[in-house]
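One letter stands for each residue in the lines below.
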Amino acid sequence: MEWDFLLVQALSGLASASSLFVMASGLTIVFGVTRIVNFAHGSFYMLGAYVAVTIVPWLLEFDRSPWLFFAGVLASALAVGALGVVMEVMLLRRIYRVPELFQLLATFGVVLIVQDLVLLAWGPVDIPGPRAPGLRHGVYIFDQRFPAYELFLIFVGPAVLALLWLLMRHTRFGVLIRAATQDREMVGALGVNQAMLFTGTLFLGAALAGLGGALQIPRISANPQMDLSVITDAFVVTVIGGMGSVPGAFLAALLIGQLQAFGVLVFPKITLVLVFLLMAAVLVVKPWGLLGKPETAAGRTVLPEGILDPRPLDLAGKVLAALALAAVLALPLLDAYAVKVGTEVLVLALAAFSLNFLVGNGGIVSFGHAAYFGLGAYGAGLLVTKAGLPMEPALVAAPVAGGAFAALFGFFVVRLSGIYLAMLTLAFAQIAYAVVFQWVEVTGGDNGLVGVWPSRWAASREVYHYLTAAVTVAAIILLRRVIHAPFGATLRAARDSAPRADAIGVDVRRHRWLGFTLAGAAAGLAGGLYAFSKGSIDPTLLGIPLSVDFLSMILLGGIQSVLGAVAGATVFHAVKDFFMPLTDHWRLFLGLSIIAMVLVFPRGLAGAWTELQRFYARVHRLFTALRKWAERQP
Amino acid sequence: MADPVLQVAGLRAGYGLAEVLFGVELHLSRGEVAALMGRNGAGKSTTLKAIMGLLPPRGGSVRFAGEEIAGWAPFRIARRGLGYVPEDRRVFTELTVAENLEVGRRPAPPGHPAWTPERLFEVFPNLAEMRHRRAAAMSGGEQQMLTIARTLMGNPEAVLLDEPSEGLAPVIVELMAEAVLRMKQEGIAVLVSEQNLDFAAAVADRALILEKGTVRWQGSIAALEADEDVRRAYLTV
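Line order of the protein sequences matches chains D and G. If you read the first sequence in UniProt numbering, its first letter stands for residue 1, the second for the next number, and so on. If you read the second sequence in UniProt numbering, its first letter stands for residue 1, the second for the next number, and so on.
Errors might be hidden in some of the hints.
What the hints assert, rightly or not - Derived SDA-like pairs (lysine to any residue); straight-line CA-CA distance at most 20 Å:
hint, chain 1, residue 1, chain 2, residue 2
1, D, K293, G, R134
2, D, K534, D, P393
3, D, K293, G, R90
4, G, K184, G, L197
5, G, K212, G, G59
6, G, K184, G, V173
What the hints contain is simulated information worked out from the structure, not anything from laboratory work.
Start from the sequences and build out the full structure, keeping to the hints where you can.
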């Protein structure tokens, strides 16, 4: 290997580090001030690219000058900043006080909405951008040709860092942002209008995301998948750098840029594994990231109230459970379609139940639970298609695969708590997704693998339905037993107060780790069953959207309730199955529903009942007052 | 009681299911220093937080300078001219002294001289030498002075001062007392929550005693010092 080649690799690493930093700095600033992890940050990035590929060519019609190119890029960034303001005023402002899980879900709702709006506005086809006038040539570094635009990008990152530094140190706005990052309430008590400060912060954050996206247009075409791929990178950068730390983000971006530039030489296909190793190493040594500070959890709730006091089923519960079971058994009397949907519901119910085992019982908000579902599916599917094994051992392998990866990822995950933990589960899930997506020879990449069929005896839809029913119901009963057992109570104790559980001799980390592994194994089993019901596997089984579906199911069913997840999965899947064929804009619909759920019932659906009672009481008081007033009139 | 700057009536507040204040009644005259006294858990800090809007009042009225401010956001209350100095020294530790003061800066009402860092450094000479030091690198007493100075940067008409002497060395406590008297000199009304009778006697004109979320006794400091029974009933541990 030549030195000049290595130099060029290092330079291209610096260029991608710059791009990463510009985008991630906005996320970390917004998090620092508002304490909201903005999922829609990737959407702002995507919008920056789309706006730029629209207005920059138009500007270049007038004159092909570099200045107009950059004016267009800046205008795109500002336009996206304005969209950030819209999001703050319309949504974030209303959810600063709701539990973090809801905040994440609400911003994910925005992601879904923006995806459909982008498709509506720009269509599904990738849109290539113009190249920057004046920077189209290559520069020769020794004997290697290096694109001038990449060289330019190398300087953008440090320039943005310097500008941010000036802004933070030498303007009132910057001083207020830094103060608010530390103690929002105190800033308010000193007469600072937080709403204005937050709006300004969102403008800055979104504009930085937009700038990041707009700067990419000479390198990559604007496409509708940019948002989720870039948000993972941004999460990884902020987790490694320390959330809320701009210099930390810069450092992390540099590390990741170099790692990827040189990692390509070692593991050409799966550079993400290296990023995973880096993240794992950093988190073991510094759980709050390179330059992050331990989260002061004062007054912050991650979750609405979880499972409190699991009790044996009462008579009504027993009757309901028996009815549900009878319905499952009777489904094959209906048509084949009902059997298909019924099988899916069973599988999803097990996956959702295992997630609520973590969330409701353990207080561990996993935002990437689909990873274990998908890894279980791939574990089973690969054994059948690649190793030629029959269904039975493959179904044993599914929970082993899900559990093994949950144990591996969980080892790091349980070191964190709250929103950091949620982001880490998400980052791990996305890494698993990316590996499955990229490793085409083994996993079939985007297309996945077909031919994952059950054994002959279970080949008919009805028999497979009964098999699924037997396995999922047994697994749910087993997990429910665990919730009722001392182990489940210990997890609840650790959820309610880790230090106090610690003080009475509970090894909190180990219990959480075991719980995480168990939930991963159950999700893996569900994934394996799902694979055989479909006959195929593909990367969407590990994707963020499915993880969010699982979360929606347990919120719908109520995370306070042990068996609510089962009901939630049933309702969610039935509704989705019914509505999805009716509309081309399913994501828009789902996104709006999620946001509506968070805005209307910030205490969770279970809180809706209390809200309703409160509303009734208010109406009642109003009427009483009116009547008294009327009686007093002559 | 001529023209109180702050008038609280029937104030109720609490955390979650726990009610803490059951109808607090108090007033603060212009330019007066009043001590809000009582044992731990009597509701002193909660009263100040509820007045400031940091804890939304569940009932009752808070009138400040002739306006009903109950239910307002804290920042509006602060802008109206009511300053708040928190207990446990909530300085912005990552910011320098000068930056901490900048966060508190608000324009002065017309006709009043504005507090500037220079004027504050006169009152708190210790701070002058550490303008560019990060607050994290300051002692507890210095941080406490900084919180007071930071609130004064907002040019308040009245200040709610929460437990300024708590956990500080006697020398520093004396400096705090001087600072309160200086505020009084400047015409700022101060409602100071305090457990320490000596401190209260040094700064305040009047005392109010809270117990179980209501005001049980009020009168002059001299009367409180004279009345052993009241002290034994509400203050001594």
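A quick look at each hint next to the structure:
no., hint, in the structure
1, K293(D) <-> R134(G), "holds (16 Å)"
2, K534(D) <-> P393(D), "holds (18 Å)"
3, K293(D) <-> R90(G), "holds (17 Å)"
4, K184(G) <-> L197(G), "holds (19 Å)"
5, K212(G) <-> G59(G), "holds (17 Å)"
6, K184(G) <-> V173(G), "holds (17 Å)"
Every hint, counting from the list given before, is met by this structure.
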